[in-house]
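Number of protein chains: 2
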Amino acid sequence: MGGDFAPRNVVAGAVEAMREAKDRLEVLFVGPQSVVQEELHRLTENNLNHQIVNAPSIITMDDGAMAAVKEKKDSSIAVGVSLHKEGAADAFVSAGNTGAVMSASTLILGRIEGIGRPTIGAFFPSEMGVCLLLDAGANVDCRPQHLYEFAVMGTIYAREMLMLPNPTVGLLSIGEESSKGNDLTREAYQLLAKSRLNFIGNVAGRDILKGKASVVVCDGFVGNVVLKFAEGVLDLLKTKFRNHAAKNVFSKIWVGMMSRTLRSVMKDFDYQEYGGVPLLGVNGVSIIGHGKSTPKAIKNMILKAEEMVRKNITGSIRDSLAAAK
Amino acid sequence: MGGDFAPRNVVAGAVEAMREAKDRLEVLFVGPQSVVQEELHRLTENNLNHQIVNAPSIITMDDGAMAAVKEKKDSSIAVGVSLHKEGAADAFVSAGNTGAVMSASTLILGRIEGIGRPTIGAFFPSEMGVCLLLDAGANVDCRPQHLYEFAVMGTIYAREMLMLPNPTVGLLSIGEESSKGNDLTREAYQLLAKSRLNFIGNVAGRDILKGKASVVVCDGFVGNVVLKFAEGVLDLLKTKFRNHAAKNVFSKIWVGMMSRTLRSVMKDFDYQEYGGVPLLGVNGVSIIGHGKSTPKAIKNMILKAEEMVRKNITGSIRDSLAAAK
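For the record, the sequence lines run as chains U and B. Heads up, the first sequence is in our numbering, so the first residue is 1 and it goes up one at a time. Heads up, the second sequence is in our numbering, so the first residue is 1 and it goes up one at a time.
Treat the hints as calculated values from the structure; they're not laboratory data. Certain hints may be false.
To give an idea of the chain U side of the interface with chain B (calculated C-beta under 7 Å), a few residues [as the list claims (entries may be wrong)]:
no.: 1; residue: GLU127
no.: 2; residue: ASP141
no.: 3; residue: ALA204
no.: 4; residue: ARG206
no.: 5; residue: PHE229
no.: 6; residue: VAL233
FRET-style restraints, in silico, Cβ to Cβ [stated by the list, open to error]:
no.: 7; chain 1: B; residue 1: LYS292; chain 2: U; residue 2: LYS296; range: 35 to 43 Å
no.: 8; chain 1: U; residue 1: ASP319; chain 2: B; residue 2: ASN243; range: 37 to 45 Å
no.: 9; chain 1: B; residue 1: ARG186; chain 2: U; residue 2: ASP4; range: 28 to 36 Å
BS3-like, lysine-lysine: derived pairs with alpha carbons at most 27 Å apart [to be verified]:
no.: 10; chain 1: B; residue 1: LYS194; chain 2: B; residue 2: LYS180
no.: 11; chain 1: U; residue 1: LYS73; chain 2: B; residue 2: LYS180
no.: 12; chain 1: B; residue 1: LYS180; chain 2: U; residue 2: LYS292
no.: 13; chain 1: B; residue 1: LYS70; chain 2: B; residue 2: LYS85
no.: 14; chain 1: B; residue 1: LYS238; chain 2: U; residue 2: LYS212
We put the beta carbon where it would ideally sit given N, CA and C, even for glycine.
Work out the full structure, taking the sequences as your base and the hints as a guide.
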């Protein structure tokens, strides 16, 4: 029931995912039985491997982050995460209330030993491919140790899921020298420098898109501001092009022809391709999707979850923290 | 002698400024006499109102922020700011070492009474025109009172220089509610809410470009990260378009035709239009330009300085702080 277009897009995306990964995927649809049933009826094929698990109540965007673990224990978020905890499901994905998914996942699944703060990242297109920025809003006030943990988790994700052999880690700051930045970054710099990570030092805002580092760590306040700003850039460009098109008939024709090129250029900026962002640091696989998720985004989110399970990302994080001790 | 293309671009831009504002502008060129003389010789016309003030030493980008006030007191930055302090000049502009210009301006001109931290802002294009973000990197660690001061100065600048009758002020954060954000923003929210400013509450990263507020305040760490990220967006778009053009001859033709449209669309992103950013909060007018300043950027920077003097921005800030007491 998560996201602005649930259950339609969620069900449609899940059906696509099952078609694409037939032999290695079973989907448990968690939500009000009849609503999901009806939606599935419109779409599904006979030979797709799925079940419906009834969860009568719904967490809306207006509900607080603790709703799933306090008032609405029979919501799709609470029931779904619990299924994962009990082992009936190997992963949980949702395009619903981000705060609620995060708290439910953290509290029900628990944190991996050695992780103080589970984190959600954001994927940025870069000149070198993709850059994973952590934290993107889950943890507003961070200590240096948290940034180090983000770097460990980001490195594993980048290596296993983005297929980068020895991912570089950058610390988001405002100048290259270790002395530049604020108290948090200066202390985090020292922790990262003496770690076994492939730490390349401070990186600036522009280096995110340059792909100077594959993994960039920062506190969730800064990360969220940058993420939202990036979304704003795309909106502004669209508006500017539209206004330009309105000027006269010739501009209109140009802009019409240009939009195809622009779309192709912008493809890397498209969150649908990434599907969602993993909550790293919990005992399990929990992926959070955009509220406006399209069927394609949902499909990619589910396939990403299956891949994270198959590659045992959670286990790698656990091992890596144990080894660093 | 400031910037990557000094003295050529600096002199060329100043000559253009004098041509454009003939009757109300006299330029004092501060730098090594012979170098400036030679450059001027190539360009100047007889009836332009200017002088050369000798300043033999040069502050490079490698010099520390204190160089102008400590080791190199005969540099163009130190001499130029001192001319302003003594009243021989009404304003100072430079495309040189940002840190050096800031320290020299702050220490030589002094802070306006009631201002704890002078600030430099950045101009962002927005759907509503332009958004002034303060602080853009001068003050990494800020207290709530500093953010309030930035809001006062930004409001006056937006009203007098950007011609906005009653500029709105937003506090950069990660959610609309006053409780969202970090300790700094939560406390600053209270200060701004009880002020006489046109405070509209928290704004998110994407609201900068939406123009939800004319003035957006934040600490200099966050502001600088966003500013540098925005510069990176333009670089990435250029690279993407170039790569697209390389694909085949048809894309090449399209991209060629598109680049004109893109340039027009991007005009608002162009720092040259703004010329430079004022250091607000010092007793005087000091404008800092981009190291890569073109003659056009230098020209606009000088004209902006003349306008700030004519409109007595410094006096308005002084009065406004006195009234708020």
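Taking the hints in turn, this is what the structure says about them:
1. A cut of 7 Å between beta carbons decides the hint on GLU127 (chain U): the least distance to chain B is about 5 Å, and the hint holds.
2. With a cut of 7 Å, the hint placing ASP141 (chain U) at the interface with chain B holds, because the nearest CB-to-CB distance is about 6 Å.
3. With a cut of 7 Å, the hint placing ALA204 (chain U) at the interface with chain B holds, because the nearest CB-to-CB distance is about 5 Å.
4. For ARG206 (chain U), the interface hint holds, since its Cβ comes within 7 Å of a Cβ in chain B; the closest pair sits about 3 Å apart.
5. Because the smallest distance between the Cβ of PHE229 (chain U) and any Cβ of chain B comes to about 3 Å, under 7 Å, the interface hint for this residue holds.
6. Here the hint on VAL233 (chain U) is kept, as its CB sits about 5 Å from the closest CB of chain B, short of 7 Å.
7. A C-beta distance of roughly 41 Å is found between LYS292 (chain B) and LYS296 (chain U), which places it inside the suggested range of 35 to 43 Å.
8. Here the CB-CB span from ASP319 (chain U) to ASN243 (chain B) is close to 39 Å, well matched to the stated 37 to 45 Å.
9. Separated by about 29 Å at the C-beta atoms, ARG186 (chain B) and ASP4 (chain U) satisfy the suggested range of 28 to 36 Å.
10. At most 27 Å may separate the alpha-carbon atoms for a hinted pair to count; LYS194 (chain B) and LYS180 (chain B) meet this at roughly 18 Å.
11. Between LYS73 (chain U) and LYS180 (chain B) the CA atoms are separated by roughly 26 Å; this keeps the pair inside 27 Å, and the hint holds.
12. A threshold of 27 Å between alpha carbons decides the hint, and for LYS180 (chain B) with LYS292 (chain U) the separation of about 23 Å falls inside it, so the pair holds.
13. Restraint check for LYS70 (chain B) and LYS85 (chain B): satisfied, since their Cα atoms lie roughly 17 Å apart, inside the 27 Å limit.
14. Note on LYS238 (chain B) and LYS212 (chain U): the hinted pairing holds, with a Cα-Cα distance of about 17 Å set against a maximum of 27 Å.
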